[in-house]
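Protein chains: 2
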Amino acid sequence: MKDCLFCKIIKKELPSKIVYEDDNFFAFNDINPVAPIHILIIPKKHIPSVNSLTASDKELIGELFLVAQKIARAEKATETGYRLTFNVGENAGQTVEHLHLHLLGGKKLLWS
Amino acid sequence: MKDCLFCKIIKKELPSKIVYEDDNFFAFNDINPVAPIHILIIPKKHIPSVNSLTASDKELIGELFLVAQKIARAEKATETGYRLTFNVGENAGQTVEHLHLHLLGGKKLLWS
Chain A
1 MKDCLFCKII KKELPSKIVY EDDNFFAFND INPVAPIHIL IIPKKHIPSV NSLTASDKEL
61 IGELFLVAQK IARAEKATET GYRLTFNVGE NAGQTVEHLH LHLLGGKKLL WS
Chain B
1 MKDCLFCKII KKELPSKIVY EDDNFFAFND INPVAPIHIL IIPKKHIPSV NSLTASDKEL
61 IGELFLVAQK IARAEKATET GYRLTFNVGE NAGQTVEHLH LHLLGGKKLL WS
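Residue numbers (the UniProt record's numbering), protein chains in the order written: chain A, 1 to 112; chain B, 1 to 112.
Keep in mind the hints are simulated off the structure, nothing from the lab.
Treat the hints with care, since some could be wrong.
The list treats identical chains as one, so a pair stands whether inside a single copy or across any two.
[To be verified] Distance condition first, Cα-Cα at most 27 Å in a straight line; then the derived DSS-like pairs of lysine-lysine: (1) K108 with K2; (2) K44 with K8; (3) K45 with K11; (4) K8 with K70.
Only chain A is shown next, with the shape it has when bound in the complex (with noise of 0.2 Å):
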């Protein structure tokens, strides 16, 4: 997507820390961060919200588990514990609209 900031920074267009990144997901440093550890893990596919996903993407939003548990594992967020995150639409605060899921860690996460 052409005016995507998550399209851009996949496409190097805009810098980010770069966490991860293959084929078919892309993960940098969330740039507010509310925790230690916060990471935003995405499908280079233009995915809205998890609104807008279909039977096609199951796959595709398996795979992005098994890599946000690799970055986890990676990141030592798996001793402690990590919470995985969507955020969809006005009341949870999605304020890109490209699908990205949250990796927070590296402290005790409020819960409410």
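Dock chain B against the given chain A, drawing on the hints supplied.
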């Protein structure tokens, strides 16, 4: 799993407020809700956490998010926004060792 709380809920050996059920998934209201909509969506297969996912679970996890989308739509959470979260381990406050996806909605959600 014999001693798993959520396996017992799936088998209806323990009561729950059921929101959704199909061959592979089960969803019910969280007994300690932190938002007006707070539903747990779980695979019937006993998987302890995101850390235990393997490549063979890919399709199941993809399907779980299509189920989550369907429930969010039925609960009208898609209109105002919602959050989908896996808590993994201690720092995230995972209390039951059976993979469960939190669906939170119906209010402006905090972020930290």
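Okay, the hints, checked on the actual structure:
no.	hint	verdict
1	K108 with K2	neither (38 Å within a copy, 30 Å between copies)
2	K44 with K8	within (10 Å within a copy, 39 Å between copies)
3	K45 with K11	within (12 Å within a copy, 38 Å between copies)
4	K8 with K70	within (24 Å within a copy, 30 Å between copies)
In summary, the one numbered hint that this structure violates is 1.
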